[in-house]
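S.K.: Residue numbers (this note's numbering), protein chains in the order written: chain A, 60 to 488; chain B, 1100 to 1648.
Since the hints were made in silico from the structure, they are not lab data.
In this text the structure is predicted, and so the values were computed from the model without any measurement.
Ideal Cβ placement from N, Cα and C applies to all residues, glycine included.
Accuracy of the hints is not assured; some may be wrong.
To be clear about the criterion: a stretch of chain B counts as covered by chain A if any three or more of its residues have a C-beta under 8 Å from a C-beta of chain A, and this derived list gives those stretches [unchecked claim]:
1. 1167 to 1173
2. 1557 to 1565
3. 1569 to 1576
4. 1589 to 1601
Derived coverage of chain B by chain A (criterion: at least 3 residues anywhere in the stretch with Cβ under 8 Å from a Cβ of chain A; other residues may be distant) [what the hints assert, rightly or not]:
5. 1375 to 1388
6. 1544 to 1553
Label-pair distances were calculated between CB atoms; the ranges are [stated by the list, open to error]:
7. B:Gly-1290 with A:Gly-229: 29 to 39 Å
8. B:Gly-1505 with A:Asp-279: 46 to 56 Å
9. B:Val-1479 with A:His-408: 43 to 53 Å
10. A:Ala-131 with B:Gly-1501: 29 to 39 Å
11. B:Gly-1505 with A:Gly-439: 55 to 65 Å
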Amino acid sequence: MKKYDTIVIGAGLAGLTAACHLAQTQQKVLLVAHGAGAVLLASGGVDLLGYQPVDSLTPLDNPLAALPDFLADNPDHPYRLLETEQIKTGLNQFLALTAQSGLDYRGQPDQNWLLPGPGGAVHPTCLAPTSMIGGHLAADGGRMLLVGFRELKDFYPKLISDNLNAQNLGQKSTAVSINIPAPLAGQMNVTPIELAHAFEQPDFRRAVIASIKGHAKGYDRIGLPAVLGLEQHAEVLADMQQQLAKPVFEISTLPPSVPGRRLFDGLRRTFTRAGGRLILGSKVTGGAIEAGRVSHIDIETASRSRSITADNFVLATGGIFGGGLQTDAAGRVWEDVFNLPVRAKTNRHQWFDKKFIAPRGQPVASYGVKVTPQFQPINGHDQPAAANLYVIGAALAGSEWTRGRTGNGLAVTSGVFVARQISGERSVS
Amino acid sequence: MKKSTEILIIGGGVTGCGILFDAAQRGFKTLLVERGALSNGTSGRFHGLLHSGGRYAVKDPVAARECIEENQILRRIMPHCIEDTGGLFVSAPSDPPDFGDTFAAACREAGIPVEEISVAEMLRREPLLNPQIRRAFAVPDGSVETWEACQSLVDSAAEFGAETLLYHEIVDVLTQDGAVVGAVAKNVITGQEITIEADMVVNAAGAWGGRLARMTGCDVTVNAGKGTMIAMNYRMVNTVINRCAPPGDGDILVPVGTVAVIGTTSVGVPNPDDYPIEDWEVELMLTKGAEMIPTFAKFRALRAWAGVRPLYQEKEAGADLRQVTRNYALLDHSDRDGVDNFVTITGGKWTTYRMMAEKTMDLVCRKLQTERPCHTAETVLQSHDPGKYFTVGQRLDKVETGQAEGQLICECELVTRPQIERRLAASDRNIINDLRRDLRVGMGPCQGGFCTYRVAGIMHENQNISAAEANKALVDFLQERWKGIQPVLWGQHLRQMQLDEGIYLGLLGLDKLPVQLSGTDTARIGEVETEGYFEIEAGDTPAPAGGSS
């Protein structure tokens, strides 16, 4: 049986962050996942905290300062286990990781970027790629031109622009839709990923720029759907800004998310460069806890089931959406790998609010694994279920993220916290 | 505003639409008023079964005979609304063993073609059925597309000059010297009222008919019998499956488009506008489904909905609603209550709507002392695509051969942008639920996760509406869908819902956007009680096809 120092289960942002961090501390790390996590579906930003109270309509300028109030309102949120310095360390580690991955993320824990979202609502986020930060809605007036493509059905610039203007945020925005040039011309079902590949071709870019130029006069900056290249994103963005002679920024689209893909690809590359081993596409079917320790996990491979062992295990399989928690018609909620105790209601009536847009979120979204202050899952006697097992990200109880906008912030900070604990680094606190 | 007509029909279910066409074809000036969209009530919330009559053969031979006669007529006059699935009555191990012989004899007595087939033949036709089933009988059941049927009736009536007022609720019935002389209809979107003068008012308001009759002082008891159904995400049978047993809960499984619908329960409810779906009903449907198809629970339940059967009763209802007649009632209120120019038609089944319309108009003609024969049994209804029952396969064929132009906005149901734009251009309302009903937008497995935003974006670009109005259309539709999804949310479907939640809240920030309220006010969704937004569509999520069973 092959032996690792640490096995991380799940390749969402939490798992990737923890795995990268551990691999860089000379650990022998295996990252095993059934699929890519929600990072390919999300905006690409790291939301630490967007609103407090979570049903407030005013986005937070300073997420860190609002955390104590947020925790007073949401005492079960896993942020309670992290000290301010640990949150800062997590975010800074993420910035360092993205820099090593060729991704230009910017931001600081006490400041949110206020970015235009794909529906025209303000998206408050703490760390974001520079390409999206260009859309920051500072109250400085200014005129924005939002450009969409008629063939791209997942981006409606007029709706974004009208919604932004209706909120009187200080900017004045205008929308325009242009046709996609060759070689994608006329392809009415083009995806953001296909467009991102096309943007890496200089001829394609030139044709897009020519179409935009006629509309761009008098605007201070130009917003486009987030499709400005994948691997060559930095060059594409620089070229667009230079040729249009104006700042150009990206607005996230419906999934698949191009910024999410850049982040996933970048962190994955950093992980394997640091010597980490990655198995994607294999489901972890179970794990054994013997004498207070996880002895091994079982994974599905093409031909057979395989057992793998390690000194430490990190569970980053996500919540219900990620697949880390399973639910059934009888009202059962369970953790899928180790069958760890889960905090949940077993009456399905209590899982949901009667409104889809419930002011404080759907109760079911807060269900998850209960942990100790060291992020170790607890058994029925409030003791760690296994001395070498940790849980991070959306699998944690209390981690409802859609209302306060805390998802990737928890993924990154809990991931770094646990990684540092395993590698023996001490948090500054 | 004022209007005048000879015949005013209240209720846009299949019965009202049938009467509209019948009356218009007989040469009357006619007007139909419906408080929601066509087929918005019970007609839109059933399992879509075109009865052969087999279900009633043993207990109610009259109803059974009516069903088979009308079944054969509807196949001729609305072939584009009917899929000839055929039906099977199957004896599961727990069904009474001798019921099959009684059933077959009763079918023959009622004139229903019935043929016993071997269990091996049954399994050849429907391989997922329970191999423990002991006997199987084939009958000519079918499945109907209710929205297409109601629209075809209204379009065909319009050829004769008939008018239809949708999203108008009757707020008052006008009487003069003991006779009904008209009604006041209020536009539920703008609040504007219209006074309609009429020579004759026909109450076809179904489960809401008692409420309407009371506006004229007539005491009519129409009990609301709730029936809950679940759509599963897979068309696991191509034939309608019935239990060969006395009628009970969850004894019918109907293939409708890409899904299969199981139904129903039967529960009396005090208010036809408020009837929650209960967990026991969901569990019962899944259990009953597994008796017919052992792997039933392995398929994903997509959504649940309930409809209210109008069950007419002269006296107070007993406890067991299955004992209350499923037959229709036609009331002449001048004989019954001394109120002239007012008739009520209620009860009955979707399958017998045409006959009910004929009987109603025969009565109206007698009352108006005119002789005008009915021709609806011989008239093939108008349709946009004659003779063609809609399947998602037809759309797929068009998309694959390049005949369907434009973007695929709803990938699950293969709805294109030009289809949506044409539909929007033809309407003065911006209600995404209308598009769902007409085009099936948002009815597939993702339940509107992607296409709802796209439709709102297109609406906003094309319809010259404010962003706040587009946001409202989006929020209203998501809430409407939520009602139907929530009772069946677990497992993979719950994951799907969390993706939708991630998109609409996490990504789009819909909870932070301004939403148009009635009048000129806007508010952000977090600032007000959201119930108020959903006033247009009362009740629960409608079915993929529809009428009353």
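S.K.: Looking back at the hints listed earlier, which ones does the structure fail to meet?
M.R.: 1, 8, 10
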